[in-house]
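There are 2 protein chains.
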Amino acid sequence: MARTIEVCLTPALLNLYAIEDSIVVVIDILRATSSITYGIDNGAEAIIPVANVEECLAYADKGFLLAAERNGEVVEGYDFGNSPFSYTKEKVGGKTVVLTTTNGTKAMHMARERAYQVVVGSFLNITALCDWLKTQDKNVLLLCAGWKDNFNLEDTLFAGAVVNVLRNDFKHSDDACVVAEDMYLMAKDDLRTYLHKSSHSHRLAALNIEEDVQFCLKLDVCKAIPVLRGDRLVALTL
Amino acid sequence: MARTIEVCLTPALLNLYAIEDSIVVVIDILRATSSITYGIDNGAEAIIPVANVEECLAYADKGFLLAAERNGEVVEGYDFGNSPFSYTKEKVGGKTVVLTTTNGTKAMHMARERAYQVVVGSFLNITALCDWLKTQDKNVLLLCAGWKDNFNLEDTLFAGAVVNVLRNDFKHSDDACVVAEDMYLMAKDDLRTYLHKSSHSHRLAALNIEEDVQFCLKLDVCKAIPVLRGDRLVALTL
Numbered sequence: 001m002a003r004t005i006e007v008c009l010t011p012a013l014l015n016l017y018a019i020e021d022s023i024v025v026v027i028d029i030l031r032a033t034s035s036i037t038y039g040i041d042n043g044a045e046a047i048i049p050v051a052n053v054e055e056c057l058a059y060a061d062k063g064f065l066l067a068a069e070r071n072g073e074v075v076e077g078y079d080f081g082n083s084p085f086s087y088t089k090e091k092v093g094g095k096t097v098v099l100t101t102t103n104g105t106k107a108m109h110m111a112r113e114r115a116y117q118v119v120v121g122s123f124l125n126i127t128a129l130c131d132w133l134k135t136q137d138k139n140v141l142l143l144c145a146g147w148k149d150n151f152n153l154e155d156t157l158f159a160g161a162v163v164n165v166l167r168n169d170f171k172h173s174d175d176a177c178v179v180a181e182d183m184y185l186m187a188k189d190d191l192r193t194y195l196h197k198s199s200h201s202h203r204l205a206a207l208n209i210e211e212d213v214q215f216c217l218k219l220d221v222c223k224a225i226p227v228l229r230g231d232r233l234v235a236l237t238l
Numbered sequence: 001m002a003r004t005i006e007v008c009l010t011p012a013l014l015n016l017y018a019i020e021d022s023i024v025v026v027i028d029i030l031r032a033t034s035s036i037t038y039g040i041d042n043g044a045e046a047i048i049p050v051a052n053v054e055e056c057l058a059y060a061d062k063g064f065l066l067a068a069e070r071n072g073e074v075v076e077g078y079d080f081g082n083s084p085f086s087y088t089k090e091k092v093g094g095k096t097v098v099l100t101t102t103n104g105t106k107a108m109h110m111a112r113e114r115a116y117q118v119v120v121g122s123f124l125n126i127t128a129l130c131d132w133l134k135t136q137d138k139n140v141l142l143l144c145a146g147w148k149d150n151f152n153l154e155d156t157l158f159a160g161a162v163v164n165v166l167r168n169d170f171k172h173s174d175d176a177c178v179v180a181e182d183m184y185l186m187a188k189d190d191l192r193t194y195l196h197k198s199s200h201s202h203r204l205a206a207l208n209i210e211e212d213v214q215f216c217l218k219l220d221v222c223k224a225i226p227v228l229r230g231d232r233l234v235a236l237t238l
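Those protein sequence lines, which keep their order, are chains A and B.
Numbered according to full-length UniProt numbering, the first sequence spans residues 1 to 238.
Numbered according to full-length UniProt numbering, the second sequence spans residues 1 to 238.
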């Protein structure tokens, strides 16, 4: 039977999908899964996603780097925030990072309860990710982390980009795949401009992180595919 | 303060929206809200949406017309099915119809618990609906009934058409509005062809109701706006 690829537009809809035999790709483009991809690619030993600053604190005194932001500022006492530029070789190589991310963590924790495997996707590793998915004999669910359980533009655009790459290798028939792919095809020549339409874009402008956004939309900066093992994201061994 | 317009892509996400001061437009293009619009426009006294054939049966012996389908066939003993062509003046004028529709009923019942007002939209009454919404001093939520709690293409396309008409009269910033409108703009010159991409289209082809689909995509056949009063949809008095 042909493998299927599906797009789940928000974690609130995940219960509608059978994922016991699926690889779930968690997508939180601005900025969690982009920073995670970049960090793992740069040799971080592991990245532990947590939902809030309080949970992050529980990992203090373990020798981990702690990453937490509030309103775009690094929380006092923490090592850095959520910018992908904090996840360089120099900063995270060989280290374990605890990363605070509400939407991404929720999506990963929900997915791991039932999925065959949970990996992390972003524009930064899209080709490596798609090449690997093609070699796996599994269905694929692209899980958009969204924004507070609702639909968002940037995660759906990335899902559409993956559907577009994998369209000949997987059966895809659900309506969310159709719209994600068509949105991506419409926007792909200038993703940044298209994202100016999004609500998150306004939030991000207020945070003054335009360079982060530009970076998160770059293609194929990384080869690594982060995979969830327990509560830790580590590099998938290819 | 400017009125807002928002798109809720499925009933499963309705709890994310504050609708206490909103007019909720329920959308189930193929075919519930199209048939309801046509029926009310053709003088039906009321249409009562119910979730399943069993619930429909509870209305037997009350002198109502009962509409129920299973697998595209009128259920034995019922007066007609869900085709809009059953909702003509001759058949429904002055009558009350009990209509079985899973997705549409669920959306309407969920909305009425909190919304200021619940009305029904379809391509058949889009201009009448939009003209009326412009005159109301209320926020608008376009609620796609979807398919089994998930996203579908046809309801989202209609939501996008409404956003496009109302874009200068309402503030719209949520990402679902953006994608619905862009999908609509991409597809509007040939909605039928675009819908061939949808999963529902395959289900519909199996039901052999191509004429119904064509009819449900017609613009402005009707002037009536069905409004929910208790469990009954009746014509809104303009």
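Keep in mind that the hints were calculated from the coordinates and are not lab data.
Every value quoted in this text rests on a predicted model; they were computed, and no experiment measured them.
All C-beta atoms in this analysis are idealised placements derived from N, C-alpha and C, irrespective of residue type, glycine included.
The reader is advised that the hints may include incorrect statements.
To be verified - Calculated Cβ distances over 12 Å to all of chain B for the following chain A residues:
hint: 1; residue: 42
hint: 2; residue: 51
hint: 3; residue: 78
hint: 4; residue: 134
hint: 5; residue: 192
hint: 6; residue: 200
hint: 7; residue: 230
hint: 8; residue: 231
What the hints assert, rightly or not - Output of the computed footprint for chain B on chain A, the stretches with three or more beta carbons under 8 Å from beta carbons of chain B:
hint: 9; region: 110–119
hint: 10; region: 169–179
hint: 11; region: 182–191
Now for the hints, and whether the structure bears them out:
1. 42: Holds, since 30 Å exceeds 12 Å.
2. 51: holds, 18 Å
3. 78: holds, 29 Å
4. 134: The claim stands: residue 134/A keeps its Cβ more than 12 Å from every Cβ of chain B (closest is about 23 Å).
5. 192: holds, 15 Å
6. 200: Contrary to the label, residue 200/A does not stay out of reach of chain B, its closest Cβ about 7 Å off (not over 12 Å).
7. 230: holds, 29 Å
8. 231: Check passes; 27 Å lies beyond 12 Å.
9. 110–119: violated (count 0)
10. 169–179: holds (count 6)
11. 182–191: Holds: 3 residues of the region 182–191 of chain A have a Cβ under 8 Å from chain B.
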